[in-house]
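Visitor: Read off the chains here:
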Amino acid sequence: MFRRSEQDKRPQVQIFVDGVAVAARQGDTVSAALLASGRDARRSTAVSGAPRLPYCMMGVCFDCLVTIDGVGNRQGCLVPVADGMQIEIQKGKREIGR
Amino acid sequence: MTMAPKREAYDVVVIGAGPAGLAAAATSAEAGLSTLLLDENIGPGGQVFRAIASTPVTERDQLGADYWVGADLVQALRASSAEVIHRATVWSLDRNLEIAVSIGGASAFVKARRVILATGALERPFPIPGWTLPGVMTAGAAQTMLKSSALVPDGRTVIAGQGPLLWLLAAQILRLGGRIDRILDTTERGNYFAALPHAFAFLTSPYFTKGLSMMREVKAKVQVVSGVTELAAAGDGQLASVSYVAGGKRETIAADLLLLHQGVVPNVNLAMSAGIEHRWDDLQLCWSPVLDASGNSSVPGIAIAGDGAGIGGANAAVVRGRIAARAAVEALAPATAAKLAPMATLRADLAKAERGRIFLDTLFRPSPQFRIPSGDTIVCRCEEVTAKDVLDSVAIGATGPNQLKAYRRTGMGPCQGRLCGLTVTELMAQARGKTPQEIGYYRLRAPVKPITLAELAAVPKSEADVKAVVRG
Numbered sequence: 001m002f003r004r005s006e007q008d009k010r011p012q013v014q015i016f017v018d019g020v021a022v023a024a025r026q027g028d029t030v031s032a033a034l035l036a037s038g039r040d041a042r043r044s045t046a047v048s049g050a051p052r053l054p055y056c057m058m059g060v061c062f063d064c065l066v067t068i069d070g071v072g073n074r075q076g077c078l079v080p081v082a083d084g085m086q087i088e089i090q091k092g093k094r095e096i097g098r
Numbered sequence: 001m002t003m004a005p006k007r008e009a010y011d012v013v014v015i016g017a018g019p020a021g022l023a024a025a026a027t028s029a030e031a032g033l034s035t036l037l038l039d040e041n042i043g044p045g046g047q048v049f050r051a052i053a054s055t056p057v058t059e060r061d062q063l064g065a066d067y068w069v070g071a072d073l074v075q076a077l078r079a080s081s082a083e084v085i086h087r088a089t090v091w092s093l094d095r096n097l098e099i100a101v102s103i104g105g106a107s108a109f110v111k112a113r114r115v116i117l118a119t120g121a122l123e124r125p126f127p128i129p130g131w132t133l134p135g136v137m138t139a140g141a142a143q144t145m146l147k148s149s150a151l152v153p154d155g156r157t158v159i160a161g162q163g164p165l166l167w168l169l170a171a172q173i174l175r176l177g178g179r180i181d182r183i184l185d186t187t188e189r190g191n192y193f194a195a196l197p198h199a200f201a202f203l204t205s206p207y208f209t210k211g212l213s214m215m216r217e218v219k220a221k222v223q224v225v226s227g228v229t230e231l232a233a234a235g236d237g238q239l240a241s242v243s244y245v246a247g248g249k250r251e252t253i254a255a256d257l258l259l260l261h262q263g264v265v266p267n268v269n270l271a272m273s274a275g276i277e278h279r280w281d282d283l284q285l286c287w288s289p290v291l292d293a294s295g296n297s298s299v300p301g302i303a304i305a306g307d308g309a310g311i312g313g314a315n316a317a318v319v320r321g322r323i324a325a326r327a328a329v330e331a332l333a334p335a336t337a338a339k340l341a342p343m344a345t346l347r348a349d350l351a352k353a354e355r356g357r358i359f360l361d362t363l364f365r366p367s368p369q370f371r372i373p374s375g376d377t378i379v380c381r382c383e384e385v386t387a388k389d390v391l392d393s394v395a396i397g398a399t400g401p402n403q404l405k406a407y408r409r410t411g412m413g414p415c416q417g418r419l420c421g422l423t424v425t426e427l428m429a430q431a432r433g434k435t436p437q438e439i440g441y442y443r444l445r446a447p448v449k450p451i452t453l454a455e456l457a458a459v460p461k462s463e464a465d466v467k468a469v470v471r472g
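So the sequence lines, in the order shown, correspond to chains A and B.
1 is the number of the first residue of the first sequence in the UniProt record's numbering; add one for each residue after it.
1 is the number of the first residue of the second sequence in the UniProt record's numbering; add one for each residue after it.
Derived by calculation from the structure, the hints in this document are not laboratory data.
A quick note: this is a predicted structure, and the numbers were derived from the prediction, not measured.
C-beta atoms are modelled at their ideal positions from N, C-alpha and C, and glycine is treated no differently.
Treat the hints with care, since some could be wrong.
Derived lysine-lysine pairs resembling DSS-like cross-links, with alpha carbons at most 30 angstroms apart [to be verified]: (1) B:Lys6 with B:Lys111; (2) B:Lys405 with B:Lys434; (3) A:Lys9 with B:Lys221; (4) B:Lys219 with B:Lys249; (5) B:Lys210 with B:Lys352; (6) B:Lys434 with B:Lys461; (7) B:Lys434 with B:Lys111; (8) B:Lys388 with B:Lys249; (9) B:Lys339 with B:Lys388; (10) B:Lys388 with A:Lys91; (11) A:Lys91 with B:Lys405; (12) A:Lys93 with B:Lys388; (13) B:Lys405 with A:Lys93; (14) B:Lys339 with B:Lys111; (15) B:Lys339 with B:Lys352.
To give a feel for the contact side, a few chain A residues facing chain B, derived at Cβ under 8 angstroms [said to hold, decoys possible]: (16) Met1; (17) Ala36; (18) Arg39; (19) Ser48; (20) Met57.
Input sequences plus hints: build the corresponding full structure.
Guide: Structure follows, in structure tokens:
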């Protein structure tokens with residue numbers, strides 16, 4: 001859906017998406033890294049289980065909700081990637097205790 | 001690195017580091033007031049100057065000269081004594097000018113003598129069939145990724161809607177080598193005539209030549225369909241096609257990405273939760289705060305600057321930020337106000353920056369069918385409530401957006417009405433034969449962004465706080 005421009009010379013950062021290593025760039029948000037990865041990053045909604053991807057990328061729509069380092073319901077579009085970050089695509093509502 | 005505010009109280013707290021907030025914080029600090037700037041994003045710039053201090057797009061022409069203006073604002077802020085905290089989510093502001101802010105998973109409270117809200121705008125909801133499908137995003141979302149991560153659309157891409165941002169985004173995508181298959185322009189033909197009386201001011205504004213050359217640049221490379229009157233996205237769990245009607249003819253095209261845009265509206269959540277009076281704006285079709293000429297709101301001590309004060313664009317936002325900050329300085333430290341640009345100069349700057357705005361508002365007034373959906377089209381994305389659901393609730397007695405919550409939970413999901421509020425107001429107004437002003441809006445309350453109960457429970461409590469809720 002998206003690709004990186006060749007002029008992007010930022011250093012690589014390795015994140016893990018559902019346990020699989022994915023290359024991101026320093027300064028990417030989690031949502032941008034997921035969309036750039038080409039992986040199926042669709043979450044499913046808490047209400048009907050419908051698949052969704054980020055819609056606004058600016059912190060207002062909450063369609064980018066994702067589990068980051070074990071914490072659910074994070075807005076992926078507001079969190080920058082970090083080396084070794086563990087990301088899980090969130091299916092349904094946030095689980096109690098995480 | 002995120003850290004809590006250094007002090008418990010400030011002369012001025014500015015919320016939002018877009019054009020208005022950057023200018024306001026720098027101005028206030030320059031006059032010697034203790035100033036705190038809180039911003040939710042990773043770095044300064046807001047949306048229009050998104051990633052201005054970190055963008056990987058190094059070829060300056062690709063983003064355009066208007067973007068790089070933001071770098072000067074950031075430089076002025078950094079040269080000032082203002083304290084700046086990013087990744088700071090303000091979740092409460094009250095009439096006592098007490099602010100609750102979540103930073104790195106913990107909440108802090110600060111008190112201000114003056115608050116300048118610069119929370120800007122968000123894109124107007126674009127509730128068409130299929131707008132919740134993966135692969136449908138806002139144009140602003142694509143622009144955010146382009147500016148902050150140099151990402152460009154790669155698959156079959158359709159851009160639909162209207163307004164200056166749409167053309168700017170299209171030009172930027174093409175300059176960075178991205179793909180656009182078709183642009184579907186939804187500008188209503190009648191709007192061109194309606195806007196005509198305001199054309200002179202626009203023709204003599206800087207928007208005109210810039211806008212025209214950008215449209216030429218895009219039209220030379222992309223097929224543009226104008227006069228689009230219907231629009232729908234379809235696919236099974238993922239966008240597969242976009243269908244539209246133009247000139248009475250329906251067409252369906254395969255697509256991987258659909259970018260929607262029909263203008264921006266003030267982001268009212270924090271201001272409304274503080275009890276600031278808003279009115280329905282019949283021209284801009286949104287809620288705008290009631291403000292005086294310096295941006296002061298109905299709540300003493302809280303001013304609003306930038307697009308949150310009514311859409312005026314980035315140049316106007318910068319000036320409104322300076323005006324609000326100067327007014328704060330005049331109130332708190334009148335002797336130092338002489339250091340700043342005179343109010344008369346700022347007001348003249350603002351008039352210049354707002355020139356041509358009425359023309360744009362009239363020309364790009366979105367059509368009713370793209371604001372007020374029907375049938376199975378989703379209105380509330382969070383709670384997955386359709387237009388039919390809303391109308392059924394009206395039929396059995398729901399009178400306004402707040403009653404509707406009890407029927408359907410509209411606006412009660414995590415986005416707190418940001419993506420459905422305007423649609424619900426207009427849809428209910430139409431169904432009940434009332435004006436949007438009469439129908440009203442959701443009653444917004446803190447926390448205006450979700451925080452966990454654990455974070456709330458960890459907030460420091462005074463003896464009085466505990467006594468207020470504990471019996472005996």
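Visitor: For the pair supplied as a hint, B:Lys434 and B:Lys111, is the alpha-carbon distance within the 30 angstroms limit?
Guide: With a Cα-Cα distance of about 40 angstroms, the restraint between B:Lys434 and B:Lys111 is violated, given a limit of 30 angstroms.
Visitor: For the pair supplied as a hint, B:Lys219 and B:Lys249, confirm whether the alpha-carbon distance does not exceed 30 angstroms.
Guide: It holds: about 21 angstroms lies between the C-alpha atoms, which stays within 30 angstroms.
Visitor: Once the shortest beta carbon distance from A:Met1 to chain B is found, is it less than 8 angstroms?
Guide: It holds, given that the least Cβ distance between A:Met1 and chain B is near 5 angstroms, below 8 angstroms.
Visitor: Given the hint that B:Lys339 pairs with B:Lys388, test it: the Cα-Cα distance must not exceed 30 angstroms.
Guide: The hint is violated at about 58 angstroms.
Visitor: Straight-line Cα separation of B:Lys339 and B:Lys352 no greater than 30 angstroms?
Guide: Holds, because 23 angstroms separates the two Cα atoms, which is no more than 30 angstroms.
Visitor: Hey, B:Lys405 versus B:Lys434, does the alpha-carbon distance stay inside 30 angstroms?
Guide: Cα-Cα ~19 angstroms, so holds.
Visitor: Hint check: B:Lys388 vs A:Lys91, CA-CA at most 30 angstroms. Holds or violated?
Guide: Holds, at about 27 angstroms.
Visitor: With a cut-off of 30 angstroms on the C-alpha distance, tell me whether B:Lys388 and B:Lys249 pass.
Guide: Within the cut-off at roughly 26 angstroms; holds.
Visitor: Has the given pair, B:Lys339 with B:Lys111, been kept, meaning a C-alpha gap of at most 30 angstroms?
Guide: Between B:Lys339 and B:Lys111 the Cα gap is close to 26 angstroms, so the pair holds against 30 angstroms.
Visitor: Hint check: A:Lys91 vs B:Lys405, CA-CA at most 30 angstroms. Holds or violated?
Guide: holds (25 angstroms)
Visitor: Is the Cα-Cα distance between B:Lys6 and B:Lys111 30 angstroms or less?
Guide: holds (12 angstroms)
Visitor: Does A:Lys93 lie within 30 angstroms of B:Lys405 when you go C-alpha to C-alpha?
Guide: Roughly 20 angstroms between the alpha carbons, so the hint for B:Lys405 and A:Lys93 holds.
The structure does not agree with the numbered hints 6, 7, 9, 18 stated previously, though it agrees with the rest.
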